[in-house]
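Enquirer: Going down the list, the sequences are from chains G and F. Residues 305 to 859, numbered by this note's numbering, are exactly what the first sequence covers, in order. Residues 174 to 496, numbered by this note's numbering, are exactly what the second sequence covers, in order.
Simulated from the structure, these hints should not be mistaken for laboratory data. Possibly wrong hints are sitting among the right ones.
[To be verified] The calculated lysine to any residue pairs, modelled on SDA-like cross-linking and capped at a C-alpha distance of 25 Å, are:
1. G:Lys-490 <-> F:Phe-456
2. G:Lys-490 <-> F:Ser-455
3. G:Lys-490 <-> F:Ala-421
4. F:Lys-262 <-> G:Ala-559
5. F:Lys-457 <-> G:Glu-506
6. G:Lys-809 <-> G:Asp-566
7. F:Lys-262 <-> G:Glu-484
8. G:Lys-394 <-> G:Leu-681
9. F:Lys-262 <-> F:Ala-209
10. G:Lys-490 <-> F:Ala-209
11. F:Lys-457 <-> G:Glu-486
[To be verified] Simulated coverage check for chain G against chain F, where a stretch passes if three residues somewhere in it have a Cβ under 8 Å from a Cβ of chain F:
12. 510-517
13. 630-643
14. 742-754
[As the list claims (entries may be wrong)] If you want a taste of the chain G side facing chain F, the calculated C-beta under 8 Å gives, among others:
15. Gln-505
16. Pro-507
17. Gly-583
18. His-585
19. Gly-586
20. Ala-672
21. His-812
22. Glu-813
C-beta: ideal position from N, C-alpha, C; glycine also.
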Amino acid sequence: MSTTVYQAKRIVTMNPAQPAATHVAVRDGRILAVGDLDRMAAWGAFELDTRFADKVLLPGFVEGHCHLKEGGMWDRPYLGWFDRRDPQGKVWPGVRSMDAAVARLSEIDAQMAAAGQPADAPLVVWGFDPIYFGGERMTVEHLDRVGNGTRRIVVAHANGHLLNASSAMLAAAGVDGDCEVEGVVKFDRGPLAGQPTGELQEPAAMYLVLKHVGNAGLLAPLDDAGLRAFGAICKLQGVTTATDLVNRLGEAELAVLRRNTDDDDFPVRILPAFQAFHGTHGAAAGAEHVRSLIPTSTDRLRFGLVKMMLDGSIQGYSARLRWPGYVNGAPNGIWVTAPSQYEADFEVYHRAGLTIHSHTNGDEASLAAIDAVERVLARAPRPDHRHTLQHGQMIDRPMFDRMAQLGLCANLFANHLWYWGDQHHDMTMGPDRAHRLDDCRAALDAGVRLAIHSDAPVTPLAPLFTAWCAVNRITPSGRVLGASQRLRVDEALHAITLGPAWTLKLDHEIGSIEVGKRADFAVLGDDPFAVDPMALKDIPVWGTVLSGRVFPAGG
Amino acid sequence: MCSRPVAEASPAPIPFTVIGGFLGAGKTTLLNRWLARADALRIAVLVNDFGAINIDAGLVAQAGSDAIALSNGCVCCAIGDDLSAALAKVLAAQPCFDAVVVEASGVSDPWRIAQYALAEPQLQLQAVLLLVDAAALAQHLADPLLIDSLTRPLAHADLVLLNHADRASAADLQTARAWVRADAQRRERHAPPIIETTQADLPLALLADRLYTPHGGGLGMRPADHGAQFQAWQQQPAGTFDEARLRAWLRALPPGVLRLKGWLPLADGRWLAVQWAGRHASFKRLATAPASGAALVAIGLAGQLPAAALGAGLQGCLQQNDG
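Modelling step: build the complete structure from the supplied sequences, incorporating the hints.
Expert: Structure (structure tokens):
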């Protein structure tokens, strides 16, 4: 029974009874003591480990809403607007113009040719988002400038609902001006009037191309390499516990999860949430399935979460908004699940004792969820259920007040403040509601248990960045969205540690550095309380410790 | 890949029907009925709620976690979260199915699913059928969260079934008809045909153009199959047609047409295959004459099919009428 004592420059515990320390003792993967060197002696002999002597330890970060696909995207090149770090730690610079996109694609095309890949091998990239190009759309006129114009190119968009194809790709797929599928966008003027622009919207139009290149890694099921890459990203970002917030949990998915998390070298604890919509199970069978998995949980693989989904996305204009709707006049979005179906299914999973995480982006969807949960709880009261609204980007104070009364937690999509804050201000919800976008302050003021998230791979997995968003509420144009709604640094750190741990019913086990909890640490190069709040996102991450095992980033 | 009896230059595509309708409208009842009494039609049914499909145990040949094969040759598959993948499996089956039916989820727009039939050459859009719970519609329309989702699918519904008609009052049925008409008026389109049903009792023949045959004459249905509810119209016109006029005419068909299809010769020796489904006209140029020769067939509800207007309209598209 060996004891290791880690010495650090500072330990930020998130335990209000002892906010700071310099030493932490670890035995059997758990925290034995926290304090100064003298206090460590109470439990007998120990080995002093000073490798973190110039580092700052925080509780391992908890990402309450991401997807393991964050690791699976990187088998294809990235073409997004923002800089993004890959699992090896390399930063891919953002692509800020169509010319830059063509240049990046030309490089890849040349690399493919140099590597001897056949001329008809498809070039597939991901992460593109036209919303940042000021109204300019990518077309075949851009993509056909790549190389000699014969490459089959597929540019998958960040939201997963659109792609762009080159003329060679369209020709191979048989898509021409006669194609009647509504999502095939066509030039409305100019020399190519009536011909496809190459932009394919929604699944049926994307199907035209994807069936010729396979799923191209975009929709492919997660494999061992993808899960390992996810683990590598977690080490780079200080994450020790992460959700996979929608998973079919079929035999294939379970096999990949178990095979990898059974390995002591796997660096992160995974909580997959069962897909309780668009699934193959009715609610009763789904609940039974999840319950049957719970006894098979291990330290690094925990079952028991359920994911439901009510609406779409705000920037995709598919979220359900209350009056006055979208500022650009777009029609209201869609229900992914009808509110009445949601309520009925929610009740089944709730009565089965499971914790339900509900995707609600628009305020009408959030309100429908709150109304449904209120009725379900009246019929079937259950203390300490920890049901959580996910995203909840437009929830206002009256709704947060009701959530507090109902014990509903909020996991807000703080990264939107940066990634789409300007677009929400100008194009989707307008200035008033954009100033209370992802209103962490109102949630805390109302007494709602709060977490914040990335929804990776929608935005990158990086809890310190997510905390930075909630603290600064700044957009790429320099606008501050609701200065009064900014969180303090301690509140934001809580929302990436104990806050999400609460929504996952793991706050007794993780989320702070105190006796009895798992020895999960984020090892940082700087103290988040000592740096300028605008530098929070730039604090270097050395790596992590998970249940007492040390995982250097990049190692 | 499918190999189908070759009637034209390319294999005949499989008819593809989408069933829309809110929860409780009777979609599952309809699908259960069709699967159980498929007759000689081998149907592939793709559903959202796999658990709700209730197939007589005696009919089940093989049951898996996401597909049930029936002894009558039909199959019922779960869509899950990937319709593309579910369709790919169905299209790869040998021998090919005679018809594919997809159930749209309660609040989704069936027209989005119909796009797959426009995208996939192995499929031909047959019809978009919209079921309505006539007894509950007034209550559903009073829900501000639902009214837009319920109304959107009307835009492309070829046939609106006012189901549970036995439970609906005269006022309910009137409300439902007025709702369909008002939406059409708002869109400045003709209202789709409306039929009242109980237990979603709709003829299977709608799934594969078996209600009519281009050269067989009349309805290919027994009276027990509700033959009296539907009416067919057909012509085997002589002469050649002006493509632009045909396109314009089909985009503004007179009211009362549920489904239309045919093959017509053009002045330049090519042929035009025309389809009307999903309230949407499709055209495909054929390099060679179809074996069936020139034919245009249409179906509508008995007494509502505008036979005279169809005949006159087709005449108006003849090439020699030019100038």
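Enquirer: Next step is simple, just say for each hint if it's right about the structure.
Expert: How the hints compare with the structure:
1. G:Lys-490 <-> F:Phe-456: Roughly 18 Å separates the two Cα atoms, so the pair holds.
2. G:Lys-490 <-> F:Ser-455: holds, 17 Å
3. G:Lys-490 <-> F:Ala-421: holds, 20 Å
4. F:Lys-262 <-> G:Ala-559: It holds: about 23 Å lies between the C-alpha atoms, which stays within 25 Å.
5. F:Lys-457 <-> G:Glu-506: Cα-Cα ~23 Å, so holds.
6. G:Lys-809 <-> G:Asp-566: holds, 22 Å
7. F:Lys-262 <-> G:Glu-484: holds, 24 Å
8. G:Lys-394 <-> G:Leu-681: violated, 48 Å
9. F:Lys-262 <-> F:Ala-209: Roughly 22 Å between the alpha carbons, so the hint for F:Lys-262 and F:Ala-209 holds.
10. G:Lys-490 <-> F:Ala-209: violated, 44 Å
11. F:Lys-457 <-> G:Glu-486: holds, 16 Å
12. 510-517: holds (count 4)
13. 630-643: As far as the region 630-643 of chain G goes, the hint holds, because 8 residues have Cβ atoms under 8 Å from chain F.
14. 742-754: violated (count 0)
15. Gln-505: violated, 10 Å
16. Pro-507: This hint holds: G:Pro-507 lies near chain F, its Cβ roughly 6 Å from the closest one there, short of 8 Å.
17. Gly-583: holds, 6 Å
18. His-585: Since chain F brings a Cβ to about 7 Å from G:His-585, closer than 8 Å, the hint holds.
19. Gly-586: Since chain F brings a Cβ to about 3 Å from G:Gly-586, closer than 8 Å, the hint holds.
20. Ala-672: Holds. Min distance 6 Å.
21. His-812: violated, 33 Å
22. Glu-813: violated, 31 Å
When the structure is compared with the earlier hints, violations turn up for hints 8, 10, 14, 15, 21 and 22 and for no others.
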